[in-house]
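Please work from the sequences and hints to get the whole structure.
Chain by chain, the residues:
Protein chains: 2
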Amino acid sequence: MRLSSFSKHPIIQAPMAGGTANPTLAAAVCNAGGLGFLAAGYKTGQEVREEIKQTRKLTSQAFGVNLFVPSEDTVASTTLDDYAGRLEHTAKRLAVSPGDAKNDDDDWETKLEVMIDEHIPIVSFTFGCPAPSVLDRLKQSGSYVIVTVTSPEEATEAAQAGADALCLQGIEAGGHRSSFQNNNETEDFSLLPLLRLVKQQVDLPLIAAGGIMHGQDIAALLIAGAEAVQLGTAFLRCPESGAKPLHKQALADNRFSGTTVTRAFTGRRARGLKNAFIQQNDEAAPAAYPFVHYMTKPIRKAAAEAKDLEAMALWAGQGYQMALDLPAAEIVSRLVEQQHEALQAQKRL
Amino acid sequence: MRLSSFSKHPIIQAPMAGGTANPTLAAAVCNAGGLGFLAAGYKTGQEVREEIKQTRKLTSQAFGVNLFVPSEDTVASTTLDDYAGRLEHTAKRLAVSPGDAKNDDDDWETKLEVMIDEHIPIVSFTFGCPAPSVLDRLKQSGSYVIVTVTSPEEATEAAQAGADALCLQGIEAGGHRSSFQNNNETEDFSLLPLLRLVKQQVDLPLIAAGGIMHGQDIAALLIAGAEAVQLGTAFLRCPESGAKPLHKQALADNRFSGTTVTRAFTGRRARGLKNAFIQQNDEAAPAAYPFVHYMTKPIRKAAAEAKDLEAMALWAGQGYQMALDLPAAEIVSRLVEQQHEALQAQKRL
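Chains as they are written, first to last, in the numbering used here: chain A, -17 to 331; chain B, -17 to 331.
Worth flagging that the hints you see were computed from the coordinates, not collected in a lab. The beta-carbon is built from N, C-alpha and C at its ideal position, and this holds for glycine as well. Where hints are given, some of them may not hold.
To be verified - DEER-style ranges, computed between Cβ atoms: (1) A:Tyr24 - B:Gln182: 30 to 38 Å; (2) B:Asp86 - A:Glu312: 52 to 60 Å; (3) B:Gln182 - A:Asn165: 30 to 38 Å; (4) A:Gly67 - B:Arg68: 27 to 35 Å; (5) A:Glu312 - B:Glu29: 53 to 61 Å; (6) B:Lys39 - A:Ala266: 36 to 44 Å.
This is how it looks when you write it as structure tokens:
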């Protein structure tokens, strides 16, 4: 089965976790001829099941669900205590305390069962590649399985594990890096070289992700060899997006000087708008996911309530200034139009 | 005048300093229908004049010369002493001492006079944007002036200063980052988002540079809006390239696990193969160019003589594994063929 059988246009809406990629957004993208995605990360299996049901009420098209593969970070409790100590200042200002630095597996087993019960058309993974037996079970139940990768080595591993397609995430992407390992050894590949290097090694459909905001870039990436593209930040400001209103506003706020990749908020590297929280905590943040995520959670929540952009995690890709406050269907149709214009311009040469 | 009037193909050979982009390589690329470039960096004005004369004996085509804009780094001598102390261990192993941490302007004024005397068809700049009066003088003498930039802000500055075209260098590029400032504030834009964001702001011909190793990527970048592309690493292993034989071999040596960006060798950020020198010194290296360049120079030279790949600066872009040991003319013709194939494949759709 080809990826193109799932949607009219080769445009995939990225599974932005934390409430952004909700049923409303996913269904709107699907109904506009793109491929919508739900984000299962941070939710319980039961919550994901509810979102799937809701989405099915809103669209008859195929959609995807993305799961976080459980992390294997180990970290000394003293390291976590040190970081909690550093967060005290910001926490106190917001009248909260840092959260418990707990570990969990993001309700992994339950979510897998939900995927199988619900016969989800497309299941994608972030933060790792599940065992071949897991991919196999999903495929047996009818799912098309995508693994998100950030390097040629991860691409080879995912292909060997049995993925149907790969989503290649370049360093320009907003939000979490999908690298299998949470260390400093992973090379930060930009999207085009990543696509080129993976194409040399792996014969699977490839989805290009990271920094894509315009149909001219979609045309470019299809010519470079991608079968489809995935866009997150481009849909972040849509009225259907579940991102916090402050987050949406921040993308259009010229007080921010750009984005950076940091572990400060969750212990895993992620790209967001540079703000005071990152400046204060980036260097000290340990590679400890989801421990750090739980530590900063009350702070981020309180910051959002206090409308304090300097202590929120404002995920954004490098092209964020081009994100538009338009309905998802209009975003899709603009992208398609720009893509066709770019290809037509080329054909005339 | 359009950039395309200088060469048959929209393929520019990057001005790799340190001896790589010599008259032989530049002329070979020009004679194959690309646009060759000399690198004036690290050379005296007189040496550059000699190279220009040599190049003119080897080709009748237009070629370019790239100049380093003098740096304005200021650094405490104790910081430099600390770094010199750290280098002692490697230096001793190679039976040399770290060099004097001197400053210089890379013979800037003389080189500008040479450019004007010699009526160089294309002059490009790295590490900054010269004053409008300097660009003006070059343009008056018949040069087409290109400024290399790494961010939309730098692009706007260069456009306002009067550049005829911009070379956009993505973070995937090998060798030195061309950022105007040598600090940690500069965002590391990947090529595609950089191209998109600059196109929104600046109406000048744009050259795309960084990680390009295949004609399919050239086709993609032209569709994305570039007027030409610039490739360095793709030409590094050519027999005409003046890169050290060990450097050429290292690109094909699977002992290296990839590239990284570091200040360890010169005090300015540059991408090269990850080796022991970088691992040992990256974090301590001060933002002090060209001071650090001169400190590590004897070490790098001795390492090359001792065939010690772990203490050499092995500049390489992210796609370096695809660099081929083929004559430059063959590289150009392969790239052109791949580019046309990619466009033809698209036209059939």
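Original post:
Which of the numbered hints above does this structure break?
Top reply: Violated hint (a single one): 6; every other hint is consistent with the structure.
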